[in-house]
Structure formats: structure tokens, C-alpha cells
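K.L.:
Take the sequence shown: its letter number 136 is residue 136 in the numbering used here, and every next letter is one higher.
Derived by calculation from the structure, the hints in this document are not laboratory data.
Idealized CB from N, CA, C, for every residue including glycine.
Check the hints yourself; a few may be wrong.
[As the list claims (entries may be wrong)] Distance ranges between label pairs, derived from CB positions:
| id | residue 1 | residue 2 | range |
| --- | --- | --- | --- |
| 1 | Gly157 | His260 | 33 to 41 Å |
| 2 | Val240 | Asp158 | 31 to 39 Å |
| 3 | His260 | Pro127 | 17 to 25 Å |
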Amino acid sequence: MDTEILLIGEALIDIVRRPDRDPQFCPGGSPLNVAIGLGRLGHHPVLATWFGADEYGRVIASHCAASNVQVLLGSDQAPHTPTADARLDEAGHAQYVFDIDSQMPAIPDSLTPSVIHTGSLGALVPPGAHDVLAYIEAKQGTAFITFDPNCRPSVMGDPAQVLGMVERYVAASNLVKVSDEDLAWLYPSMVTDEVLLAQARTWAQSGPQVVVVTRGRRGAIAVTAEADFAVPADTSHIVVDTVGAGDSFMAGLLHGVLTHGYAQQVEGLGKNLEDLAVILTQAAAISGVTISRAGANPPWLSELE
Numbered sequence: 001m002d003t004e005i006l007l008i009g010e011a012l013i014d015i016v017r018r019p020d021r022d023p024q025f026c027p028g029g030s031p032l033n034v035a036i037g038l039g040r041l042g043h044h045p046v047l048a049t050w051f052g053a054d055e056y057g058r059v060i061a062s063h064c065a066a067s068n069v070q071v072l073l074g075s076d077q078a079p080h081t082p083t084a085d086a087r088l089d090e091a092g093h094a095q096y097v098f099d100i101d102s103q104m105p106a107i108p109d110s111l112t113p114s115v116i117h118t119g120s121l122g123a124l125v126p127p128g129a130h131d132v133l134a135y136i137e138a139k140q141g142t143a144f145i146t147f148d149p150n151c152r153p154s155v156m157g158d159p160a161q162v163l164g165m166v167e168r169y170v171a172a173s174n175l176v177k178v179s180d181e182d183l184a185w186l187y188p189s190m191v192t193d194e195v196l197l198a199q200a201r202t203w204a205q206s207g208p209q210v211v212v213v214t215r216g217r218r219g220a221i222a223v224t225a226e227a228d229f230a231v232p233a234d235t236s237h238i239v240v241d242t243v244g245a246g247d248s249f250m251a252g253l254l255h256g257v258l259t260h261g262y263a264q265q266v267e268g269l270g271k272n273l274e275d276l277a278v279i280l281t282q283a284a285a286i287s288g289v290t291i292s293r294a295g296a297n298p299p300w301l302s303e304l305e
């Protein structure tokens with residue numbers, strides 16, 4: 001079965017706690033958020049994930065259906081649905097505490113995606129992470145592969161425990177998105193922008209055509225074999241919170257890969273800097289809309305048009 005894009009990783013319920021407000025319960029998880037963003041941008045993503053056949057699980061399934069995301073059969077076999085306790089400060093920045101059981105559902109051989117995306121807990125927390133990595137490495141060269149480590153130190157522990165796995169994903173990918181905070185956590189001896197950018201260049205030489213480093217309100221930098229260049233963040237909106245901002249940016253990158261036809265020419269994206277600049281600018285605009293409203297609530301295509 002031909003599939004436009006397959007996403008692999010966690011789906012959970014965010015328990016969002018804001019100062020002086022009652023908690024809110026919202027579907028979340030990095031790969032789920034990326035899938036929702038793509039569904040709202042007019043694509044038909046398939047999500048391979050792991051949640052329970054319980055009340056929280058039904059909320060996730062309904063959330064996916066409402067945004068044109070197909071949940072892979074067998075994804076609802078977990079003993080219970082994972083949660084993330086997200087505590088927001090006055091500026092809207094979140095700190096997370098997770099209750100998660102990371103597994104990868106069986107992905108049938110008949111599923112032949114042109115693009116595969118993974119990242120965060122589902123890709124990096126055992127035991128499921130080992131299955132995800134094996135699947136990604138087996139698909140290298142047959143699909144356009146993207147990866148976002150989206151590190152969660154409270155679950156992942158010592159960065160040395162996941163760095164080797166992160167670097168294997170990077171080597172197997174065509175496009176990598178990573179935040180400056182993730183790079184600083186993975187390589188704690190690197191403290192300056194220039195040193196972190198040098199690490200991104202090292203990644204770009206190990207496999208991917210493009211490594212995109214996001215820097216919050218300072219915008220993003222794309223690193224390719226041809227050049228480095230920066231695009232500004234979209235600062236036209238008032239920030240409500242930053243939940244899902246990076247995932248919306250990732251959805252925007254994937255939207256650009258698909259709409260510009262790079263899923264069919266996996267070696268081309270890093271060579272066309274003009275297209276790449278357009279893709280990053282639109283990703284920044286998509287992320288800008290998301291941070292202007294509460295929770296991981298990415299825009300629909302009609303809102304951008």
C-alpha cells in the first residue's frame with residue numbers, strides 16, 4: 001500500500017498546568033503533533049504509535065481523525081495511554097514529567113511510504129526505540145527519512161546514553177531538525193553558537209543533505225554541503241505558549257519537502273538553496289501561528305492562505 005508519509009513515535013496526553021489555572025488535558029507527543037500539523041496542511045499521514053484502548057486513547061484517536069491522520073492498526077495495544085505533565089511558567093515555556101511505555105507497533109511490509117519521520121521519545125527510549133531504529137536503517141535509500149531528536153532529559157537520562165543512537169538516526173536521514181537546546185544537551189561541552197553550528201556541519205557530512213538548527217525567537221539555520229544560511233523567526237504574533245512550536249516547524253519542513261517534490265528526489269533538497277529558504281520561511285510562519293494560541297494547535301492550510 002503506497003503511503004505519502006509515515007510517522008513513528010509517541011502519542012500521549014499532555015496535562016498542561018498553567019499558573020493559577022485548572023489543568024488542561026490535550027493530545028500531544030512530538031510525532032503525533034507533527035502528524036496533526038501535516039493532516040491540517042492537506043496531507044494524509046499515517047501514524048504508527050503506542051497508546052491504550054482507554055479514555056485517553058479514545059481522545060487521541062478522535063483527535064487524529066479530526067485532522068486527517070490515520071492511526072496504524074495495532075497502535076492502541078498499550079496497557080495504558082502515556083501522559084506528559086507539562087508545567088508552564090509565566091512566559092509560556094514548559095517543563096515535562098513523562099509516564100510513558102515506548103513501543104513500536106508492527107508495521108506491515110505492504111506499507112511503502114515515500115517519506116518517513118521519527119523522533120523524540122518513541123525513537124530514543126527503549127525498548128521500542130531499538131525497533132524504530134532498525135526499521136529506519138532498513139528503509140534508508142528507499143524513502144526520504146527525517147529525524148528530530150526533540151530530547152527529553154527527564155526521561156532520557158544521561159545524554160551519553162542516547163548520543164550513539166541519535167547519531168545513527170542522523171546518518172540514516174535525509175533531513176534532520178534539531179534545536180540549539182538539544183545540541184547543547186547532547187554535546188554538553190559545546191556552549192557557543194559557533195561550536196554548536198560546527199557540530200551541525202559534522203552531522204550534515206555524515207548522511208543528511210540538510211540539518212536545520214532551530215533557535216526559538218532567533219530563527220533557524222540550515223546547514224548543507226553547499227552553504228549555511230539563516231531565516232528569521234516569525235515574530236508577528238503574541239506568544240501564548242511554546243507547546244508544539246518545534247513540532248509545527250517540523251511539519252512545515254515536511255510540507256515543503258512534499259509540495260516541492262523532494263520526496264521523489266532525495267538528493268536534491270540540499271542543492272537548491274532557494275527552495276530550501278522558501279521551505280524554512282513557511283515552516284517559521286507555521287510555527288509562529290502555533291505559539292500564538294494555547295497548546296499544540298497547528299494551523300490549517302486555509303489559515304496560511
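K.L.:
None of the hints should be skipped; say for each whether it holds.
P.N.:
Results for each hint:
1. Gly157 - His260: 33 to 41 Å: holds, 38 Å
2. Val240 - Asp158: 31 to 39 Å: holds, 33 Å
3. His260 - Pro127: 17 to 25 Å: Violated: the Cβ-Cβ distance is about 37 Å, outside 17 to 25 Å.
In this structure, only the earlier hint numbered 3 is contradicted, and the remaining ones agree with it.
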